[in-house]
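Chains as they are written, first to last, in this note's numbering: chain A, 1 to 352; chain B, 1 to 352.
Calculated from the structure, these hints are not laboratory results.
Don't take each hint at face value.
Intra- or inter-copy, both count: the list cannot distinguish identical chains.
The calculated lysine-lysine pairs, modelled on DSS-like cross-linking and capped at a C-alpha distance of 27 angstroms, are [stated by the list, open to error]:
#	residue 1	residue 2
1	LYS18	LYS111
2	LYS313	LYS274
3	LYS285	LYS313
4	LYS285	LYS106
5	LYS280	LYS177
6	LYS18	LYS340
It should be emphasised that the depicted structure is a prediction, and the values quoted were computed from it without experimental measurement.
Number of protein chains: 2
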Amino acid sequence: MIKPIIGNVDFIESLRGKKATFMLALSNTKTANIEGITQAGIPGMIYLTPTLDSEFVCTGEVRSLENIAETPKGVPTPALLTRGVHLLAPYGRVELLDLGLEVKPKVDYFKIHSFNIEPSQNIAKGANIEAQELFQKGVDFGQSYECKDEYIILGESVPSGTTTAMATAIGLKHKVKEYFSSSFKDVPNDIRENTLKLALSNLTHNDDIFSVLSKVSDNMLIFNAGFILGLNNRVPLVLAGGTQMACVLLIVDRMLKLMGGRMESSNLSLCTTKWVAEDKESDIKALLELLSLPINAYYANFDFALSQHPALKLYDEGEAKEGVGAGGALIYGFLNGLSKEQITKQVEAFLA
Amino acid sequence: MIKPIIGNVDFIESLRGKKATFMLALSNTKTANIEGITQAGIPGMIYLTPTLDSEFVCTGEVRSLENIAETPKGVPTPALLTRGVHLLAPYGRVELLDLGLEVKPKVDYFKIHSFNIEPSQNIAKGANIEAQELFQKGVDFGQSYECKDEYIILGESVPSGTTTAMATAIGLKHKVKEYFSSSFKDVPNDIRENTLKLALSNLTHNDDIFSVLSKVSDNMLIFNAGFILGLNNRVPLVLAGGTQMACVLLIVDRMLKLMGGRMESSNLSLCTTKWVAEDKESDIKALLELLSLPINAYYANFDFALSQHPALKLYDEGEAKEGVGAGGALIYGFLNGLSKEQITKQVEAFLA
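When you get a sec, could you build the whole thing from the sequences and use the hints?
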């Protein structure tokens, strides 16, 4: 059920049966307001997606809107998977990271870590992020964070976050275009390509790493890179995501090189979905192979083959691939005894 | 599976996946010796019920008698639910509070907190409780108690405890008769009504709160009111019970008003069964709405609809409703991934 992308199964097997803190990094970038750039949410209300996702994972209810976030074609949010696993094989706790939200999640009792971070701007015009300060906030949080479970699963909900991740990886001068997305190859996406071109055109040869990040990145990428360095291998960490989490690792890797530093990374891993791992239009494995930092990466061998629900079949058709830590959630479910059948039925029950 | 009675789901959802200490408050009142006043146990041996319940929850065996406590009509003790959940999704630990037992539970290795408390007398003649001293023991215990899990579920087993709870609520001058039980309305229960009348006739206008409690209450109610005040919101607490636990809260509320005190109650909740929540002959919601203290309250959406066992069907027919923390146990089960099917099968297995 759990397949390695890089490394062997030992790291993830050593977490079998253990409780994890599920941490959800939430952020808005105004890049998502560009019409047509993302499917992750309700047109005109894309900015609500991380808020609604986190409300649903915590409480099973969406409070800042009546209906759960759906993409225009009706692909339901991957938060259904994350919540579904929580009902069947609960995480030790769910904690939220407010990394710049337009609308705060309406949940009581759940820990919401706040850092006084504003949503970032549209990268086409310059994201205008205080990157060094934000990165430092991530480092501080990683250094001081006390995990009450045995490991951390870190997911994210950042609409248009794959676009800002791609801009960031390219801005850091990785040759990654072909590893990211079809948008550039078989299925050119003018909106996204145009946004990237505009974003990258703001960069100059004099830009240092923080200057690059401040222009073309998003809060989640920068903060989490700091978080990983601050945590410094102290607690097993599952980055639950696809190319965005890979980009976080590219930032970490670059930062370490810059500082001439080293970090033990035996406790660092990435877990994603089959839809990402088998995506023909991106290459998560190649992205991870760019890293000097050795890590283990896995995907959950889960699809909706057992479901007849048309909205869920869209996942298997590549319309949605990852998000809200779905891949890490599925792997957590498998590590705690759940079957593909059980998870499928639970997700179907949400849509009934 | 978990439905709010008062408040929203956030408090209980924040406990999803977390381990609880299951604490069982055990007490005898000689009120239970009045023939016909309670169904909770074996005629002539009603006083053994809390002892047997606690032995069964801890060990799966009833040691102080051959067969598990049954009511005359053969309604099995709700301890079956409490133990059943423990087998499928174990509590972090089970601890017993001896609040005045005729017979000590025969269990080794389990923590039995003892406070040198005697069983209380029949309220018809005056319960004769050293109420202030007992209350203070509860406060002390709450102040010093160190929870080794993430929260506490506090259940009770006190035969005829609903009668003493009703006497207490009325004695504290709450207009609650109609919120408690049918005994006074459609189905007059002469024995119970007579007992209450006799109990209340012992009260005078000069009685202070402790004097009232000493005459018409029981040890569990008084001690737990002190416990809640002593704990002072320091640890999340689930009061697992129906009208008796609501009465504990009425005492807490009255005590706070008397002292002009305030207590943060965000970590205080009540969890009960569907049989109590939907009981047409009592009104748990109305009882809780008497409180000045804001709390969250929930019920477990569980019944024996999936069972064909005649003894279990009696629950759905209203013959037994709550006790031994069954409602809190069911909610704990749901918070830890159990389904109605699993719990039903486990309970049926005990009766096979």
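Results of checking the hints against the structure:
When the C-alpha separation of LYS18 and LYS111 is checked against a cutoff of 27 angstroms, the pair qualifies both within a copy, at 21 angstroms, and between copies, at 14 angstroms. With identical chains, the CA atoms of LYS313 and LYS274 are at most 27 angstroms apart within one copy only, with a shortest distance of 14 angstroms there and 37 angstroms across copies. For the homomeric pair LYS285 and LYS313, the shortest alpha-carbon distance inside one copy (25 angstroms) is at most 27 angstroms, but the shortest distance between copies (43 angstroms) is not. In the homo-oligomer, the alpha carbons of LYS285 and LYS106 lie at most 27 angstroms apart only across protomers (25 angstroms), although the nearest pairing inside one protomer, at 37 angstroms, exceeds that limit.
Proximity of LYS280 to LYS177 under the C-alpha cut-off of 27 angstroms is restricted to the intra-copy arrangement: shortest distance 14 angstroms within a copy versus 66 angstroms between copies. For a Cα distance limit of 27 angstroms, the shortest separation of LYS18 from LYS340 qualifies both inside one copy, at 19 angstroms, and across copies, at 24 angstroms.
Checked against the numbered hints above, the structure breaks none of them.
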